[in-house]
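Peer 1: What follows is the residue order along each chain.
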Amino acid sequence: MRKLTVPTLLLAITGVIVFMSHQEYIDLYIQSVIMFMGVNIILSTSFNIVNGYMGEFACGHAGFMAVGAYVTSVVNVMLFTDDKVFGAALLPPETAVYLFPFTLLIGGAAAAVAGVLVAIPSFKTRDDYLAIITIAANFIIISTIINIDKIGGARGFMGMKKVLFAMTDSYDIPWILLWVMIFTFGTVFIIRRYVTSTYGKGIIAIKQDEVAAEIMSVNTNRMKLVAFMLSSGLAGIAGGLFAHILGYINPNSFGILKSTECLVMVYLGGMGSLSGSVISAILFTLLLESLRFIIPWMDTAMHYINLLPDSYELSQVWKWVIIPLILILLMQFRPEGIMGNRELSDVFPKLKKFYSFK
Amino acid sequence: MSLLQIQNMTKTFGGLCAVSDFSISIEGNELMALIGPNGAGKTTVFNLVSGFYSPTEGSLVFKGKSLAGLKPHQVTALGIARTFQNIRLWHDMTVLENIQISQHYNLGYNLVDAFLRTRRYMGNEKRIADRGYEILEALDLRQFAEEMPKNLPYGLQRRVEIARALSISPALLLLDEPAAGLNSSDVNDLIKLIGWIHKEFKIAIWMIEHQMDVVMSLCSWIKVVDFGVTIAEGTPEQIQNNPDVIKAYLGDENI
Numbered sequence: 001m002r003k004l005t006v007p008t009l010l011l012a013i014t015g016v017i018v019f020m021s022h023q024e025y026i027d028l029y030i031q032s033v034i035m036f037m038g039v040n041i042i043l044s045t046s047f048n049i050v051n052g053y054m055g056e057f058a059c060g061h062a063g064f065m066a067v068g069a070y071v072t073s074v075v076n077v078m079l080f081t082d083d084k085v086f087g088a089a090l091l092p093p094e095t096a097v098y099l100f101p102f103t104l105l106i107g108g109a110a111a112a113v114a115g116v117l118v119a120i121p122s123f124k125t126r127d128d129y130l131a132i133i134t135i136a137a138n139f140i141i142i143s144t145i146i147n148i149d150k151i152g153g154a155r156g157f158m159g160m161k162k163v164l165f166a167m168t169d170s171y172d173i174p175w176i177l178l179w180v181m182i183f184t185f186g187t188v189f190i191i192r193r194y195v196t197s198t199y200g201k202g203i204i205a206i207k208q209d210e211v212a213a214e215i216m217s218v219n220t221n222r223m224k225l226v227a228f229m230l231s232s233g234l235a236g237i238a239g240g241l242f243a244h245i246l247g248y249i250n251p252n253s254f255g256i257l258k259s260t261e262c263l264v265m266v267y268l269g270g271m272g273s274l275s276g277s278v279i280s281a282i283l284f285t286l287l288l289e290s291l292r293f294i295i296p297w298m299d300t301a302m303h304y305i306n307l308l309p310d311s312y313e314l315s316q317v318w319k320w321v322i323i324p325l326i327l328i329l330l331m332q333f334r335p336e337g338i339m340g341n342r343e344l345s346d347v348f349p350k351l352k353k354f355y356s357f358k
Numbered sequence: 359m360s361l362l363q364i365q366n367m368t369k370t371f372g373g374l375c376a377v378s379d380f381s382i383s384i385e386g387n388e389l390m391a392l393i394g395p396n397g398a399g400k401t402t403v404f405n406l407v408s409g410f411y412s413p414t415e416g417s418l419v420f421k422g423k424s425l426a427g428l429k430p431h432q433v434t435a436l437g438i439a440r441t442f443q444n445i446r447l448w449h450d451m452t453v454l455e456n457i458q459i460s461q462h463y464n465l466g467y468n469l470v471d472a473f474l475r476t477r478r479y480m481g482n483e484k485r486i487a488d489r490g491y492e493i494l495e496a497l498d499l500r501q502f503a504e505e506m507p508k509n510l511p512y513g514l515q516r517r518v519e520i521a522r523a524l525s526i527s528p529a530l531l532l533l534d535e536p537a538a539g540l541n542s543s544d545v546n547d548l549i550k551l552i553g554w555i556h557k558e559f560k561i562a563i564w565m566i567e568h569q570m571d572v573v574m575s576l577c578s579w580i581k582v583v584d585f586g587v588t589i590a591e592g593t594p595e596q597i598q599n600n601p602d603v604i605k606a607y608l609g610d611e612n613i
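First to last, the protein sequences are chains A and B. Quick note on numbering: the first sequence equals residues 1 to 358 in our numbering. Quick note on numbering: the second sequence equals residues 359 to 613 in our numbering.
This is chain A alone, in the form it adopts within the complex (with noise of 0.2 Å):
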């Protein structure tokens, strides 16, 4: 009974959600909170395989959800949708309900390949070093795709709406936030069996010290390759799922300010753990839309004080000031996060009575 507690209660929440957003409880907004912290979910988990499970320094996590993002979004278009550029559907709408989670996997894949442009100069340089290989992978990445006019370049990709609405027109259910739901807690799952796998904790090994686990027969390079394409892999599905939230992408979205939020969940979660980053994934979802209303509210306040002249607003490009100083202070006040390296069932330790995992 207690192996089912987890999958049931992960059921009832998304029956729930999806049932009230279909009935139009809960609006359009909320929904779309939902699904970003789904998404965000996916970008923290996977990014802490490499940066937090295996100790590695990368920095250029949105270059593979912008390659997820693109592949995915430009074969749905194809397959699924009469388009300018693309000419018409190759398949009937109708089946964009059924192959729609595997043009996911397509865009998860691309990105899974791109992963290996970071994962071989990973084999011999760390830290700092890799940290400026992964950030110019990312412009490689993003300067690519800005450059290929045929997806619209600089000016973005849109279609995938109509995507949505051929599924819609199957079935009448809120289709992307099932499958935000459903890949998110999909992730967490695969992740957690990776990493309490003795397979996995070769790549804890190799962060805590690699020249022994090269000599306990630990394949260093071959694990190093395996979490950086699963990583980068999840992102590409992170970014397929962004893609159709939004129904329009720009390669400037996916650009080292993406990358920064990615770093800022892992290290506020904790390196390491994964209840971490699943909480500070969604804590910073929540604060990223709280901005939304407190920066207006910041700037009435200010100006009744009369600390603002009264020309100057305060705009949300000062959330990319606040962003980068919760890392600032972060590192400075609590580097190890919010969770450290435990995970929830260390911190509670009465929550093992209710579930039990394989």
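It is worth saying that the hints were derived from the structure and are not from the lab. It is possible that some hints are incorrect.
Claimed, not checked - To give an idea of the chain B side of the interface with chain A (calculated C-beta under 10 Å), a few residues:
1) Gln365
2) Cys375
3) Ala439
4) Phe442
5) Gly481
6) Ala523
From the three backbone atoms N, C-alpha and C, an ideal C-beta is built for every residue, glycine too.
Knowing the structure of chain A, use the given hints to seat chain B on it.
Peer 2: This is chain B only, laid out in the frame that chain A set:
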């Protein structure tokens, strides 16, 4: 055919010759020592055997297979286990996990099995866990299975590291200064432990050591190096009375 056959091995780093014309032949079930002053090149020899460096010249053959060009994890999979001068355990994982990870050379399952928790995964993980408990049991460490090595006293950490090396069922065990940092009672325990391992597991043990009581009481054959060059080899009695060795390393009352 000997277990490990090294012939005329030389290693130079740029202009520095760390190991020069080194030859040795280790049969199965021997207990041998490599001694010499600091900087003589002893750990370099071990690193060459382990696969961290490749020899500039010479041949390295283990169980008939050449070790040249193999990476350390491949050398380990062939049956050579090693401990380090400064204990290289993974301090933020339990003792049992330390032992389990050294089974990476024959996990028996792949990543997809780990995702799906297939029967192949569960069977192999059980085998790996059982092997871990078996080794801990044999070395009287069972009660520390869930401890972190950083919480254990140094002598126990050394024993855990040796247990980890034994868990890969090696034919040859390389011990790099196993007695380093141990007090005299721990050293006596270590001598008993190594002697017991040698009899019980019937493996060849080759050690680097500075503490002469460990070397003289355990080893049947000793090789002495200084500045990368072999200056003597023989039984403990021959080495103790060899004037070159006394001058270079063991010490003379007249000095």
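Peer 1: Taking 10 Å as the limit, does the beta-carbon of Ala523(B) come near enough to a beta-carbon in chain A?
Peer 2: Interface hint status for Ala523(B): holds (8 Å vs cutoff 10 Å).
Peer 1: Return the status of the interface hint for Phe442(B): holds when the least beta-carbon distance to chain A is below 10 Å, violated otherwise.
Peer 2: Holds - the Cβ of Phe442(B) comes within 10 Å of chain A, reaching about 7 Å at its closest.
Peer 1: Under the criterion of a CB-CB separation shorter than 10 Å, is Ala439(B) in contact with chain A as hinted?
Peer 2: holds, 8 Å
Peer 1: Is the interface hint satisfied for Gly481(B)? The criterion is a beta-carbon contact with chain A at less than 10 Å.
Peer 2: violated, 13 Å
Peer 1: Just to be careful: measuring from the Cβ of Gln365(B) to every Cβ in chain A, is the smallest value less than 10 Å?
Peer 2: violated, 24 Å
Peer 1: Hint Cys375(B) vs chain A: min CB-CB distance below 10 Å?
Peer 2: Check failed: Cβ of Cys375(B) comes no nearer than 24 Å to chain A, outside 10 Å.
Hint compliance for this structure: hints 1, 2, 5 are not met, and every other hint is.
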